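With the hints as extra help, turn the sequences into a complete structure.
Order-wise, the sequence lines are chains A and B. For what it's worth, the numbering used here labels the leading residue of the first sequence as 1, then goes sequentially. For what it's worth, the numbering used here labels the leading residue of the second sequence as 1, then goes sequentially.
The set of hints was computed from the structure by calculation and includes no laboratory data. These numbers come from a predicted model, not from an experiment. All residues carry an ideal CB built from backbone N, CA and C; glycine is no exception.
Chain B stretches covered by chain A per the calculated footprint, using a threshold of three residues with CB under 8 Å from any CB of chain A:
hint : region
1    : 22 to 30
2    : 33 to 43
3    : 225 to 238
Not everything, but these chain A residues come out facing chain B in the computed CB check (under 10 Å):
hint : residue
4    : Gln39
5    : Asp215
6    : Ala217
Protein chains: 2
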Amino acid sequence: MTAYDELMAFQRETEALAQVAGLLGWDRETMMPPGAAEQRGEEMAAMEVVLHARRTDPRMGDWLDAADPAGAAAAAAQLRLIRRSWERSRLVPSALAGRIARVTSLAQGHWAQARAAEDVAGFLPVLAEVVALKREEAAALADGGDLYDALLDDYEPGATAAELGAMFGALRPRLTALRDAAMDSGRQPTVLRGTFDESAQLALSAELATVFGYDTARGRIDRAVHPFSSGSGDDVRITTRTVARDPFNCVYSTIHEVGHAAYEQGIDPAYTLTPLGQGVSMGVHESQSRIYENQIGRSEAFAGWLHGRMEAIFGDLGVGGAAGFYGAVNRLERGHIRTEADEVQYNLHVLLRFDLERALIDGALTVRDLEAAWNDRFAADFGYPVDRPSNGMLQDVHWSAGLFGYFPTYTLGNVYAGCLHATLRRDLPDLDSALARGDTSPATAWLHDRVQRHGGLHRPRDLIAGACGVVPDEAPLLDYLEAKFAAIYHL
Amino acid sequence: MTAYDELMAFQRETEALAQVAGLLGWDRETMMPPGAAEQRGEEMAAMEVVLHARRTDPRMGDWLDAADPAGAAAAAAQLRLIRRSWERSRLVPSALAGRIARVTSLAQGHWAQARAAEDVAGFLPVLAEVVALKREEAAALADGGDLYDALLDDYEPGATAAELGAMFGALRPRLTALRDAAMDSGRQPTVLRGTFDESAQLALSAELATVFGYDTARGRIDRAVHPFSSGSGDDVRITTRTVARDPFNCVYSTIHEVGHAAYEQGIDPAYTLTPLGQGVSMGVHESQSRIYENQIGRSEAFAGWLHGRMEAIFGDLGVGGAAGFYGAVNRLERGHIRTEADEVQYNLHVLLRFDLERALIDGALTVRDLEAAWNDRFAADFGYPVDRPSNGMLQDVHWSAGLFGYFPTYTLGNVYAGCLHATLRRDLPDLDSALARGDTSPATAWLHDRVQRHGGLHRPRDLIAGACGVVPDEAPLLDYLEAKFAAIYHL
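So this is what it looks like as structure tokens:
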């Protein structure tokens, strides 16, 4: 065996173990008996010990130094990703990694309690500990560079806060202006009313998954409180949820998660259980889920087909035909909660978090001043106050889980989706006639070819630039949103 | 930290990882998408590599040599079990362990194909390979001792084939005589006829699990082709199956698996994720599933209650009231299949396998002569010929999976159940009045106290002897069977 072969054989086992660790998470959210939570914590921690030991195994360094990709692009990319993981894993002392794992596990429990009790003061001590530990981790990773960038790199390799900040700075004024114009137009679409059988919603969810190309021979759909997708290769599972009064929740959760799953299922099978066998970054992942959900799933053509299917299942929806239905699935509304926000305002929620978490990691903002900073910024961007902490800084789990650097990838994903969608529409001028028949295959085949099948082969921005023929920026997303909502709101 | 503490901390992680490996098996049989089978194989193999490395870790030897149980019985038992696992794991070269894992994984596929095609000749080459490898493993483990005993020790620590052979020799003539007398009596109970709604069967399954004390906060019930239970501590899951024309299949599969699960769930929580935190042997495990299923679940008193419940759910069962129902759930029938056999004949199926696999491992029987040996023995014990290989030597997965030494624990479990039941009836003379109300708690509480809560603390035979006050033998099982079936068949 060559050093490359030895390295890849070892790495393949590590990837298989990482899949096992992922399955433990899936099981916890879908199947695990409630009384098993503590035991599951120990099982997951034991898997992390095993994975960390393998990722920092000294033999990895020897193999990496001796390995020769023999000119193959895929082999070179494998080596690049393995070296990156090896170097990053070794930079964080395992005592620190263990402390972060323990404190964030604890902090998530504190967060859930604090959110239920609207108790910011009770949450701050543990949050301060998490921030301090993540700053320590960032310093270990940054090696004199930018602290926040060092954390961001875990979710979006190669991205920098400065570059994202510039992009987001260009988004913010046009998004608020669009939102204000729509809300002031006096043209709000009708709201869907009534209750909708939840097993019929689940049957529709399964149908929509198939319509968007989800392969249930290599996946399954279950219910979870917070929908997610998980797994790679031949075992990519999604979850959805049902709300009796709001079938759109189930419909668009499903389409969103199918977008993530289609990416994983669509990767070249030759990459399965290798570093190339997973989505390349959170931003690119989110671009797939968002383009499935929004640019395709909430398009006028597809909404027309969906309206027909839903009236066939649930009877008259009372929203005023297909045109009213299109408005109903794209309605802009006031609200405090990121995960419930519409296509326009969602990014404003993300930008707020990005600026605050950057300041927390840089040290410009302390945890003690976080609530006031959140509330000030929210009032400035949304025009009304935060009424309670669970509608403000206590609404998301991310910070208690130590996921600093994750939030901006949501909006970066939307930006990437905007670029991809503009190119897709140019390449497939007749796409709407297929979508109007409930046929998403021209769009999903295009995304499979340009994005999904490549897995981790290209760097994230190179992948999107290659798919679109230009370096991605925020303009296509803004153009798309402005055109779409101008039409819906008669602006 | 003392050496004992270090050892136990390391072992605790190993136990947690073993639980994870178990969950992968559960998921494969209940939830896994069909297309994920190959990937799951790699995931399970990677877990085995990790577990084997930990079980043979050189530090274990140092800790074991230095550890002091400080006079505590539980600590001494922990050390005894850890040392046993460490020594056995180190005796088998890891190349041999890997070869056995690969060949048995392959052989199970060959077996399934051969069974479907009734193709003994196609199965023999891979079976010969499995037998050769298991003989090699046995030689490594036996260190000059009996080969079969070395394998048996994996499932029933401390048991010997000679001792089991003597016990089984005493069972065989009385079981065949009882069966023949019943079948010749001309008093066959009525058979249940009709079809029974499968979701109603599942609801009854859930009710029965609760009736027998299964804690669903620390477990769950799913469907599987071959019912099983899995997991320890706070996550003990069971499976059942439904057959539209035979609701007893679901009923008694459930009660059987709840017996296994109650054992695991009932172990002292202080032992969770330690070597003491699991059932001590397959024989003791089977004693719990069998006493739940047969001595309790098929008792006249409990069957009377179950008859009422089933008529309330399914309407008139047409078996002639409670007395007829008691006969129907205890009916003796001709048949070739072990897993479908009644309480009397089940053990005859096991004894046949025990004698044949002993001969295979000792080298007295070759794989080439196995089919003829099976068919001769079956005709001798059952009085009619094997009509096809899937009803003969191709019916069970065990040998293709390398599980030599497993079969006898089924009958040993029945023998233990017989001893426990005799003592239980002496201690609880009024048990039937509770069972007639569907209240199993006096019996399950007795079993919890005498057997289940102790986990791996005592050696298997010592545990049963302690529970019964005498060294266990086959007499109580035979006495119970003869009395029960004499009454049902008016012998």
